[in-house]
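Peer 1: Sequence:
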Amino acid sequence: MKKIILGLVTGILMSTAAIAETIAVVNVQLIASKIPQAAAMQQTLQQEFAGPTEEVKKLESDIKFNIEKFQRESMTMSDEQKTELQTKVAELQQAYQAKLQPLEQQMRRRQAEERNKILALIQQAVQVVAADEKVDIVLDANAVAYVKPELDLSEKVIEKVTKLN
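Under my numbering, the first residue of the sequence shown carries the number 1, and numbering increases by one thereafter.
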């Protein structure tokens with residue numbers, strides 16, 4: 001009986017030790033910030049939304065200009081001119097809101113799409129590096145309190161993702 005228990009305990013300890021040797025970590029945020037595909041994604045999104053963003057900035061500038069004009073010149077304006085300028089500002093604000101909200105939603109949607117593409121590339125690279133390094137479990141470094149630096153595969157994953165470019 002003692003031999004069976006001793007055998008079980010030894011087996012458990014050995015399997016735990018074997019598992020501990022095959023665990024590694026990657027810092028997904030670090031990888032996503034360092035790979036060239038992330039910079040290319042940002043540039044693509046900026047180009048894609050440059051026109052609509054400029055329109056919104058122009059409306060914002062027009063609103064600010066007209067509000068400042070009203071504040072500067074309201075003492076010398078007639079009631080009709082004041083009403084006209086206030087109406088113009090209100091219309092500009094409505095146009096601003098009408099363009100801003102859909103633009104922000106569309107930008108968030110596109111950013112999520114592109115981020116998912118980047119994460120898929122990272123996941124693919126993590127799997128390849130883990131297989132190359134004979135690692136059974138890969139954890140996100142942000143979920144771990146401490147890890148030996150030699151168990152961090154982030155740089156190898158960055159190299160692999162960069163080569164996929």
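Rather than coming from a laboratory, the hints here were simulated on the basis of the structure. None of the values given here were measured: they were computed from a predicted structure. Beta carbons are placed, not taken as given, at the ideal position from N, Cα and C, and that holds for glycine. Certain hints may be false.
[To be verified] If you anchor each label on the Cβ, the simulated ranges turn out as follows:
{"no.": "1", "residue 1": "Thr44", "residue 2": "Gln94", "range": "28 to 34 Å"}
{"no.": "2", "residue 1": "Gln97", "residue 2": "Lys163", "range": "41 to 47 Å"}
{"no.": "3", "residue 1": "Ser61", "residue 2": "Thr87", "range": "16 to 22 Å"}
{"no.": "4", "residue 1": "Ala98", "residue 2": "Gln123", "range": "37 to 43 Å"}
{"no.": "5", "residue 1": "Phe70", "residue 2": "Leu164", "range": "53 to 59 Å"}
{"no.": "6", "residue 1": "Asp140", "residue 2": "Glu91", "range": "46 to 52 Å"}
{"no.": "7", "residue 1": "Asp140", "residue 2": "Gln101", "range": "52 to 58 Å"}
Peer 1: Against each hint, give a clear statement of whether it holds in the structure.
Peer 2: Tested hints:
no., hint, in the structure
1, Thr44 <-> Gln94: 28 to 34 Å, "31 Å, holds"
2, Gln97 <-> Lys163: 41 to 47 Å, "45 Å, holds"
3, Ser61 <-> Thr87: 16 to 22 Å, "19 Å, holds"
4, Ala98 <-> Gln123: 37 to 43 Å, "39 Å, holds"
5, Phe70 <-> Leu164: 53 to 59 Å, "56 Å, holds"
6, Asp140 <-> Glu91: 46 to 52 Å, "49 Å, holds"
7, Asp140 <-> Gln101: 52 to 58 Å, "33 Å, violated"
Hint violations for this structure: number 7 only, all remaining hints satisfied.
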